[in-house]
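The whole structure should be built from the sequences, with the hints applied where relevant.
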Amino acid sequence: AVWKVEDSPWPKSQFGQALCIELPQLPRGKEVTTFWVKYETTEKSTALQWLTKEQTQGKEYPLCFTQSQAICGRSLLPCQDTPSVKGPFSISLTVPKPLTAVASGNPWSEPVSDGAFRTF
1376 AVWKVEDSPW PKSQFGQALC IELPQLPRGK EVTTFWVKYE TTEKSTALQW LTKEQTQGKE
1436 YPLCFTQSQA ICGRSLLPCQ DTPSVKGPFS ISLTVPKPLT AVASGNPWSE PVSDGAFRTF
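Using my numbering, read the sequence shown as starting at 1376 and increasing by one per residue.
No lab work stands behind these hints: they were computed from the structure.
It is possible that part of the hints are untrue.
In the DSSO-like style, the derived pairs of lysine-lysine whose C-alpha atoms are separated by at most 27 Å in a straight line are [stated by the list, open to error]: (1) Lys-1461 / Lys-1413; (2) Lys-1419 / Lys-1461; (3) Lys-1413 / Lys-1379; (4) Lys-1461 / Lys-1405; (5) Lys-1461 / Lys-1379; (6) Lys-1419 / Lys-1472; (7) Lys-1419 / Lys-1434; (8) Lys-1419 / Lys-1379; (9) Lys-1472 / Lys-1434; (10) Lys-1413 / Lys-1472; (11) Lys-1472 / Lys-1428.
If you want it as structure tokens, here you go:
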């Protein structure tokens, strides 16, 4: 498949660019086409929110959490940010030890330690 990122011609284009994927052929009948999108976000994502360590109960570590209500989900990951469009996804989060990462859904495996970090 061929892909490109381009400015969106649609309303609300100020919220990001469009990821366009050209499939070699359209699926027929019950055929399924699968593709992977690997991405990263930045601290500028409106769906990411932070509490300083002073704002947490233990006052030892900061807390990062996501809240993608309204239309903030599209600032976190490439998606059609509407409740009527759903799609399967998997997530991998790497955090410094001794912190823990939590996400919705069921874990696929145990956390993997790599020096000073753990990946969930």
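Verification of the supplied hints:
1. A C-alpha spacing of about 18 Å is found between Lys-1461 and Lys-1413, which places the hinted pair at or below 27 Å, so the restraint holds.
2. In summary, the hint linking Lys-1419 to Lys-1461 is supported, as the alpha carbons are separated by about 25 Å, within the 27 Å threshold.
3. Using a Cα cut-off of 27 Å, the hinted pair Lys-1413 and Lys-1379 holds, with the two alpha carbons roughly 14 Å apart.
4. Straight-line distance between C-alpha atoms of Lys-1461 and Lys-1405 comes to about 18 Å, which keeps the hinted pair within the 27 Å bound.
5. For the proposed pair Lys-1461 and Lys-1379, the alpha carbon gap of about 22 Å is at most 27 Å, so the pair holds.
6. Straight-line distance between C-alpha atoms of Lys-1419 and Lys-1472 comes to about 24 Å, which keeps the hinted pair within the 27 Å bound.
7. About 24 Å separates the Cα atoms of Lys-1419 and Lys-1434, which keeps this hinted pair within 27 Å; it holds.
8. Annotation: proposed proximity of Lys-1419 to Lys-1379 holds, straight-line Cα distance about 22 Å (limit 27 Å).
9. For the hint pairing Lys-1472 with Lys-1434, the CA-to-CA distance comes to about 16 Å; that is within 27 Å, so the pair holds.
10. For a cut-off of 27 Å, the pair hint linking Lys-1413 to Lys-1472 stands: about 24 Å separates their Cα positions.
11. Straight-line distance between C-alpha atoms of Lys-1472 and Lys-1428 comes to about 15 Å, which keeps the hinted pair within the 27 Å bound.
Going down the numbered hints, you'll see the structure goes against none, and every one checks out.
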